[in-house]
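Just so you know, the sequences run in chain order A and B. As numbered in this note's numbering, residues 1 to 219 make up the first sequence, in order. As numbered in this note's numbering, residues 1001 to 1364 make up the second sequence, in order.
Hints listed in this document are in silico derivations from the structure and should not be mistaken for laboratory results. Errors might be hidden in some of the hints.
As the list claims (entries may be wrong) - Here chain A is said to cover these stretches of chain B; the calculated rule only asks that three of the stretch's residues, wherever they fall, bring their Cβ under 8 Å from a Cβ of chain A: (1) 1259 to 1265; (2) 1270 to 1278.
Claimed, not checked - Here are the simulated distance ranges between beta carbons: (3) B:G1128 - A:Q175: 54 to 60 Å; (4) A:N47 - B:R1043: 48 to 54 Å; (5) B:K1247 - A:A159: 26 to 32 Å; (6) A:K162 - B:F1345: 46 to 52 Å; (7) B:A1160 - A:T199: 18 to 24 Å; (8) A:N71 - B:I1359: 25 to 31 Å; (9) B:E1211 - A:N47: 23 to 29 Å; (10) A:K162 - B:A1340: 41 to 47 Å.
As the structure is a prediction and not an experimental result, all values here were calculated from the model. Every residue gets a Cβ at the ideal spot worked out from N, C-alpha and C, and that includes glycine.
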Amino acid sequence: MGPGAVIGLGSSLIGGVFAASSAKKAAARAAAEKARLGAKLSSLERNRQEVINPYGDVESLSGMISNPFANLGVATKAAEIKIEEADVSLANTLDTMRATGASAGGATALAQAALRSKKGVAASIEQQEKSNQDKAAAGEQRAQQQRIAEEQRIQQAQAMGKQFVFGATESREQQQIDRTYSEMMGAAQAQAQAKADQTGAITGMFGSMASIGGGMLNA
Amino acid sequence: MENNLNRNLFLQQFNESDAIAYNQGFTSSTSDYNFRLLENAYRNTGRVYAKLKLAIDSNKCQDEACTLELAEIKHLQEAPQLSLDFLSSLLAELSTTDDPNFDPNNNFKYTAANSVMTAKPGFSKSDGYNVYLDLLPNGAQQIVFIGPAFEEPLVINNTALNALNESNTSLVAPTPDINKDMLRLLTEVGVFSADMIGENGELSAGAKITEEYVIMNPDGSFDYEIIDIGNGKGRNILKYDLDKIEKKVTPFINAEVAGLLSSEQDAVAAWNVYISRGTSVEEDDQMAQNANAGSSSWSYTEDLPLTQDKKVLFEKKYKEYFMNNYLKQFTTNQLPTVQADAAVFDLAEAKRAKAQKFIDDNNL
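All chains should be built: construct the whole structure from the sequences, respecting the hints.
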């Protein structure tokens, strides 16, 4: 005595009912599994962590590179003092010469000496300026090299950052997403198979249904 | 709700135990399971069918077009297939009550109905049970269960059941296999390397969390925790960056929860059977019956659809359940991977060496 007696009629019919019942349960479970995996997949796709570019904050420091020799001052103060001293010395000597009745030739020689002294000062300034120009040029050359190196560093960092983000996005959740998708396809296949089993079981019962129809006619 | 829970638990235990085999009253009496659902349902249909046919053939219908008679004949012709379809759907639904992780918060009447349909001991005609299949005039069918466990007759209509099935809802909520889900989730959360996962899709024996999550010293060596194993001996165990692990696994757990919540009745079943109390599978196995949410259960009739608060609580407790019952074992008492560091050592000596290293390192 078993479930067959509960439902009644032939064993082939009962077998069909139970086979269809199992297939329906399997189809329902597969459908639920497919829905579950679908929701999981959506969540994984929706909540992908933003891939952080570790090089994203790298800034060009080229603005901080300057030529320390660009505006070197010339030591003109000392030159001015030297010129003033020469002028004062010339004036004092001229005063002495006037007081002692010295000749005009002596004064001329003195003035020439003062002029030579001033020319020496001018030559010194010129030399300093030349030296400064050389230093400024050399400094500018070095600064340019540093700016180029800095720009190269930035470009390289940007390229590495893009490469990292691409690589990380490709490898991280994608693996999990692919797996869930494949499981979802599996659940869909299981659902289709269960539906086919269900149809098969019910079709198999058609022959047995004659017993129910027979029941109608015999009553 | 408590009453329903207790009745269901009683029915489950009654069906699972062998107690009835030792009941003299039961063994000495006849158990009649001849409910003969289909035979009884179709007993008079032949006569009705003949009358209708006769009325049509002899132009004695209620109206000129024989509308009523033709409709009734159509219903009768379709009835057998409907009955078989209905019974197979009903058996599929009721069989959920036999699942080992069935949630006893489902309506206990379905457990009793399943016991009747599957001819379980104690649910026979002689025990006071009966079941009828009624062919309704509108072409629908209903099954009616009566007996001591039901109090009032349990009536299930085929059109209602079909509508539920069409919308992927169940009469009896199945409980997701949380143990299977969480074992799979372990492999998906990204803290184990691919070579730790076996062909069956589960973690292989001896699987370890990757070193990325192990705490290291600044010099690159492992920062061990020393545990006392008794008799003055100690061992090194690995220390894990639990915050980093949690950050890594959380999005995957959330995705799993989102999947579960796609069927809220399944989530309620998972809550009631596993998540709410937070007991482990091992603990459940040791008990007479699985721990269930008891008074903190969610009701299928009152708590669905789930409120946002309940969804958030579900996610929180699901995560705790996973972390405590599944992931924690991989972050606790893990021996060093460096063989030399894995040996048992003298605890006092190790402490002295550690103190000396501290003195040396700090030039004290």
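Each hint, compared with the structure:
1. Counting residues of the segment 1259 to 1265 of chain B whose CB lies closer than 8 Å to any CB of chain A gives 5, which reaches the minimum of 3, so the coverage claim holds.
2. Remark: the segment 1270 to 1278 of chain B is not confirmed as covered by chain A, as 0 of its residues place a Cβ nearer than 8 Å to a Cβ of that chain, below the required three.
3. A hinted range of 54 to 60 Å holds for the C-beta pair B:G1128 and A:Q175, which are about 59 Å apart.
4. The hint said 48 to 54 Å for the Cβ distance between A:N47 and B:R1043, and at roughly 60 Å that hint is violated.
5. Take B:K1247 and A:A159: their Cβ atoms lie about 28 Å apart, and the range 26 to 32 Å holds.
6. One distance hint, 46 to 52 Å for the beta-carbon pair A:K162 and B:F1345, holds here, with the actual separation near 50 Å.
7. Between B:A1160 and A:T199 the CB atoms are about 23 Å apart, so this pair conforms to the stated range of 18 to 24 Å.
8. Remark: the range hint 25 to 31 Å for A:N71 to B:I1359 is contradicted by a beta-carbon distance near 57 Å.
9. Between B:E1211 and A:N47 the Cβ separation comes to about 27 Å, which falls inside the hinted range of 23 to 29 Å.
10. For A:K162 and B:A1340, the hinted distance range of 41 to 47 Å is satisfied, since their beta carbons lie about 43 Å from each other.
Violated hints, in rising order: 2, 4, 8; the structure is consistent with all others.
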